[in-house]
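Protein chains: 2
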Amino acid sequence: MANLGPGRPRLEQRRRQGTTPRAEILDAAAELFTTKGYANTSTRAVADAVGIRQASLYHHFAAKDDILDALLAETVAGPVELAQRMMGEPEDAATQLYALALFDVRQLRTARWNLGALYLLPELRTERFVAFRRRRDELRAHYERLTVESAAAAGAGEDARILPFRLVETVIAIRYDEGAAGVDTERVIPDAVLRIVGYQGGMGAVRAAAAELLARLSE
Amino acid sequence: MANLGPGRPRLEQRRRQGTTPRAEILDAAAELFTTKGYANTSTRAVADAVGIRQASLYHHFAAKDDILDALLAETVAGPVELAQRMMGEPEDAATQLYALALFDVRQLRTARWNLGALYLLPELRTERFVAFRRRRDELRAHYERLTVESAAAAGAGEDARILPFRLVETVIAIRYDEGAAGVDTERVIPDAVLRIVGYQGGMGAVRAAAAELLARLSE
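Just so you know, the protein sequences line up as chains S and V, in that order. Going by full-length UniProt numbering, the first sequence opens with residue 1, and the numbers climb by one from there. Going by full-length UniProt numbering, the second sequence opens with residue 1, and the numbers climb by one from there.
By construction, these hints were calculated from the structure, which means they are not laboratory data. Among the hints, erroneous ones may be present.
Residues from chain V that face chain S, not an exhaustive set, calculated with beta carbons under 8 Å [unchecked claim]: (1) 34; (2) 37; (3) 115; (4) 117; (5) 123; (6) 126; (7) 129; (8) 159; (9) 170; (10) 173; (11) 186; (12) 188.
From the three backbone atoms N, C-alpha and C, an ideal C-beta is built for every residue, glycine too.
Go ahead and model the full structure; you've got the sequences and the hints to work with.
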């Protein structure tokens, strides 16, 4: 209410998450894209939901697909950064794979909006989203590298190479179908990832080692 | 071309899969929904793609969501029927779970259009699609029942109860991202399903038993 400033007052009081107009736009768009659909949402509707004029929105994002691109980037930035940082750490591949899966399940599960539900939109196949697709491919490559190393250490084959990345992303469908993915998915899915790669060690030990690794890297 | 009959001729020659107008409409709609997006596709566009008038389309489907509902129903009808038929068979739960996963991966993988990519649309949350959602829940319940029984037989807990159904549906994302899901997914995914439930037996034996079960039931 202290924020009227010059120009037209906002249509609604601020009710958005985010401390900047840009963050508020992203939050409103994420809600509309995931609840009404991307194609069904106009930039006008996003501006209305934030309580700003469309012209103000265009000051931050030139087009609707720029908003989507920014939202999608958030869904992979954290796990990609973690995977990169882990490469210098001494923990074995199974521990790192567990830690990555746990971190990624958690962020997909607890993000305010279930943006992964947009991954299968035909719109994402266009040239506009090539940077996002490459970034997600990068994350996928980290999963595959850790999967192959974990399987080799367990004396198993590489058959399941592509599956841990896919299994982690099932959190998106669980959230969609059940309204939420329970905190137990942060244990159940990483456990299943290790079973798929043929991990034979004790699950309690790897859970503890992965938690410690994540705590150390988040310091 | 023998099919002009009375009224306006078709806009295009028949190029659709399907031997009936209804099947042609479904095929055209499936292509447009998965490549252009559901919200971006009008019934007019579907009629144009089939080469019929919009009025003719309405003779088969009263609205666009009726077409989507019919398409979605096809994606679960086969595995639900299989799961029901298996209930009277003597094979153990692990074999039946393997057979269901194999059958379902195969049908999701080889269906002409990747319709599962529409499962996460916000439109599907509406009352209109409650029958489809119930049918898919039915399939999910079959997976969970077989998962719990398989885990119990293996002396494992029920932690992974929800995951086999989810893992099978990852074929949809694989198809989306890679353009196709290879035939190897028909082995790799069911294998991973059994590993998740703690199955300790030989994978070769269960593969053979599942294949025999499927062959017997498809006679």
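* List in ascending order the numbers of the hints, as given earlier, that are violated by the structure. => When the structure is compared with the hints, numbers 3, 6, 7 and 11 turn out to be violated.
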